[in-house]
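Chemist: What follows is the residue order along each chain.
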Amino acid sequence: MSLLEVTDLKVTFPTDALDVTAVRGMNFRVDTREVLAIVGESGSGKSATAMALIGLLPPYAEVSGSVKLHGDELIGLGDQRMSRVRGAEIGMVFQDPMSALTPVYNVGDQIAEALRIHQPDLGRAAARTRAVELLDLVGIAQPERRARAFPHELSGGERQRVVIAIAIANDPDLIICDEPTTALDVTVQAQILDVLKTARDITGAGVLIITHDLGVVAEFADRALVMYAGRAVEVAPVATLYAHRQMPYTAGLLGSVPRLEAPQGTRLVPIPGAPPSLAALPEGCPFAPRCPLAIDACRTAEPELRSVATDHTAACIRTDQVSGRTAAEIYGVSTAPPEGAASSGEVVLRVTDLTKTFKLTKGVVFRREIGEIRAVDGISFELEQGRTLGIVGESGSGKSTTLHQVLELVAPQGGSIEVLGHDVATLDRRGRRALRGDLQVVFQDPVSSLDPRLPVFEVLAEPLTANGFDKARVDERVAELLSTVGMRREDASRYPAEFSGGQKQRIGIARALALQPKILALDEPVSALDVSIQAGIINLLLDLQARFGLSYLFVSHDLSVVKHLAHRVAVMYKGAIVEQGDADEVFADPQDEYTRRLLAAVPQP
Amino acid sequence: MSEPVTTASASTAQSGLDVGGFASRRTLVRRRFLRNRLSVAALVLLALLFVGCYALPPLLPYNYTDLDYYALQQPPTLKHWFGTNALGQDLLAQTLRGMQKSLLIGVCVAFISTAIAATVGAVAGYFGGWRDRALMWVVDLLLVVPGFLLIAIVTPRLGQADRVPWLIVLFSVFGWMISSRIVRGLTMSLREREFVTAARYMGVNNYRIIARHVVPNVASILIIDTALNVGVAILAETGLSFLGFGIQPPDVSLGTLIADGTKSATTFPWVFLFPAGVLVTIVLCANLVGDGLRDAIDPDSRKPRRGKRK
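Just so you know, the protein sequences line up as chains A and B, in that order.
For the first sequence, the positions run -10 to 594 when my numbering is used.
For the second sequence, the positions run 783 to 1092 when my numbering is used.
Read the hints as simulated data drawn from the structure, not as lab findings.
The beta carbon of each residue, even a glycine, is placed where N, CA and C say it ideally should be.
Among the hints, erroneous ones may be present.
What the hints assert, rightly or not - Interface residues of chain A toward chain B, partial, derived using beta-carbon atoms under 10 Å: (1) L428; (2) A450; (3) A455; (4) P485; (5) A486; (6) G497; (7) L533; (8) S549.
As the list claims (entries may be wrong) - Selected chain A positions facing chain B (Cβ under 10 Å, derived; list incomplete): (9) L396; (10) A400; (11) R442; (12) Y484; (13) A503.
Using the sequences and the hints, build the whole thing.
Modeler: As structure tokens, this is what we get:
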């Protein structure tokens, strides 16, 4: 008997228009000591599946099917009964450790609380001792002292360790992790995955990990289940899945992952289209509209999961067309770098000894300075026309501060910034305004970078009207921009919220291109997107650079993405550039210790 | 991650997809507002009330001061549609006369005070620094000044004709502080959002950013504030008149009519019901129009989820 047995699990969210079926009949099992990964893009129903298992869906959600833990049915249990299962037999690790912890109790108390709820006869002091042991177990240094720390005093990685400590506190049989490393830096991610492995070895529990990151799957899981539109489309041991995927969607997902070994400029294989709406699924295979191999039979009946090899099932009738072919062949696209104008070698952006410090103050009535943080500490770099400079670093390394210093176009605290030959310190109001048109920005989060109450047309028209375009030219330019980034003309009169993440980012890029800039600052433009969408945006950025000779200042924490786009990289650590050079050289032969650590931490599918 | 996804068709229908030229925000908002039948009806009714209270009195056989000695304390008849009061005054004429003042005061005060609140709050929140400190100092000052007393002192010194405009000004000046604090708080969080930064980097000037990005994003609170202020202003005037400072007899306002009618609300209900009904209608319409406008401006608004609970 397996540890967890899920049969025909369905989750439906009733809405006023149509019922949204987020999970449509999931069947899987998790064995003791096994790590099963559920992989899928946003909206595929993977989180709904996890929440249904532990009964944490909102009360209006309708759940049917069967979830058996050790042969005991969990579906239909009351909240009281489920509370005794949650935390005791099933441990949970959520995505955002900050909101998973209570801000007003210290972490030791929170772990002790988890222990005492499920083991009422455990004494206060014993629980406390056990909490410190658990903190030690998940790798927190000086556990005695850190147990008295509050969540905000810990770093993101440490917080996630505490959450893991709580999850394993009662020696659960099953640990469910919902995107446990998504909010963390790569080096921290690697550590957290190690902690999870340790946790599994110590408790002997089965692990169900929900993730969109195929690298994490490769690193951590034994078996993987690929989910699409609320159903499993392929299930296989991880090694088999990566080597012999049988389903076009899996092939597309793997093809769209940026890889460290690919040369600069390599186009990725995006999956065309967007995931279907779960409220109105087309007849037949839900992937058929995006599938390059779809035939008529695909559109009439939805294929069931069937065995294609030992331990390997796929829901596709065209598996013979998938195995043995590369994703680029299946999707019929070329991965060769786009042909573009060669760089003229002219330096468009020169930053010399840039310094930015933030003052630390203490006291309310009598503010006094107690020191300063050097967010950016004397960095220098150059960006050539038609080239991409990637600034890589983890959170807090000062890479975003650097970018915003450049974008502000005002004299920096220390050092100098020269944009297109103008020293920004010497600019007056008019000169600065003129230069704004040449230096534009694309932000990380397409949701917050677009005004939710402004239809797309006005979003794109804004930079134009602000710079004195008349109505007719605005209309013309907006239409042109929409087609440049691959959107339809009708999309102009819709609001940003009606678009998917990838489309929103396209709108963001279109807005940045509106004034025909020469330099584009990209602040993690793809890190908030799903892989298959991310691939499309990376391709778009490559094409635009080739077409318009744009220079990119590309800031990212994702080394594989930087590898695809950047000609030169600068690695930032604690406000300083620790290594700078041609991308190929830096990636192939890193000189700095930190660069090496960063590269080693990147999980590769 | 996997929250219920809305259907593409539903969301397309929401914004009114136009295949022709590019629709601006104004067109889209108007189209979405017009689709809300109830709000449009409320707006029409409000407009009719406004026009009616000025256009009807000259056509009526009775002036609001005329006394009909043959019909004292009469329930509604064909001759006196709303009935008469103890002096034999026609209640329809009186209600219309009262509406002229109350509607004017209500609507003007609501708009002016919300406009001040929006401007002060947005400017203080967006710019911060000395503007913020100065404006918030003014807010604090006005909050500790007993506005009602000040109005009570000022109004008796004014002639009957000046009272309505002065009441509007005074109520507006003392009615915006709390909302401007709220707007300031919302603006401060909006200022950190990337679309505001993006607009700044594109060379859009600050006041344009406030008008195009900040104000529409705090519009929900402003609209609710306006709609509620209509009722509050009318009631404030009632309170003032009741204490003998606002509108004084023989002139009437909705407030004085209701105050007079409450004494005999159970015995001669029409004396109370008609003016009170009109007041309720005005406030209800203002709120319905506000709701419709808020939904039209907010692209995320949907009809409430049907409450299906097990």
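Chemist: Hint by hint, note whether the structure agrees.
Modeler: Quick rundown of the hints versus the structure:
At a threshold of 10 Å, the smallest CB-CB gap from L428 (chain A) to chain B is about 8 Å, leaving the interface hint in force. Using the Cβ-Cβ criterion of 10 Å, the hint placing A450 (chain A) at the interface with chain B is satisfied: the shortest such distance is roughly 8 Å. With a least beta-carbon distance of about 4 Å to chain B, the hint placing A455 (chain A) at the interface is held under the 10 Å criterion. A hinted interface residue such as P485 (chain A) counts as satisfied when its beta carbon comes closer than 10 Å to some beta carbon of chain B; here the least separation is about 8 Å, so the hint holds.
Because the smallest distance between the Cβ of A486 (chain A) and any Cβ of chain B comes to about 6 Å, under 10 Å, the interface hint for this residue holds. This hint holds: G497 (chain A) has a C-beta 8 Å from the nearest C-beta of chain B, less than the 10 Å allowed. Residue-level restraint check for L533 (chain A) is violated (minimum Cβ-Cβ distance to chain B is 18 Å; threshold 10 Å). Nearest Cβ of chain B to the Cβ of S549 (chain A): about 22 Å, over the 10 Å cut. The hint is violated.
Annotation: interface hint on L396 (chain A) holds; nearest CB of chain B at approximately 5 Å, less than 10 Å. Interface restraint check for A400 (chain A): the shortest CB-CB distance to chain B comes to about 17 Å, outside 10 Å, so the restraint is violated. Of the supplied interface hints, the one on R442 (chain A) holds, with its beta-carbon coming within about 4 Å of a beta-carbon of chain B, less than 10 Å. The restraint placing Y484 (chain A) at the interface with chain B holds, with a minimum CB-CB distance near 4 Å, inside the 10 Å limit.
Hint status for A503 (chain A) relative to chain B: holds, with the closest Cβ pair at about 8 Å, below 10 Å.
Checked against the numbered hints given earlier, this structure breaks hints 7, 8, 10; the rest are met.
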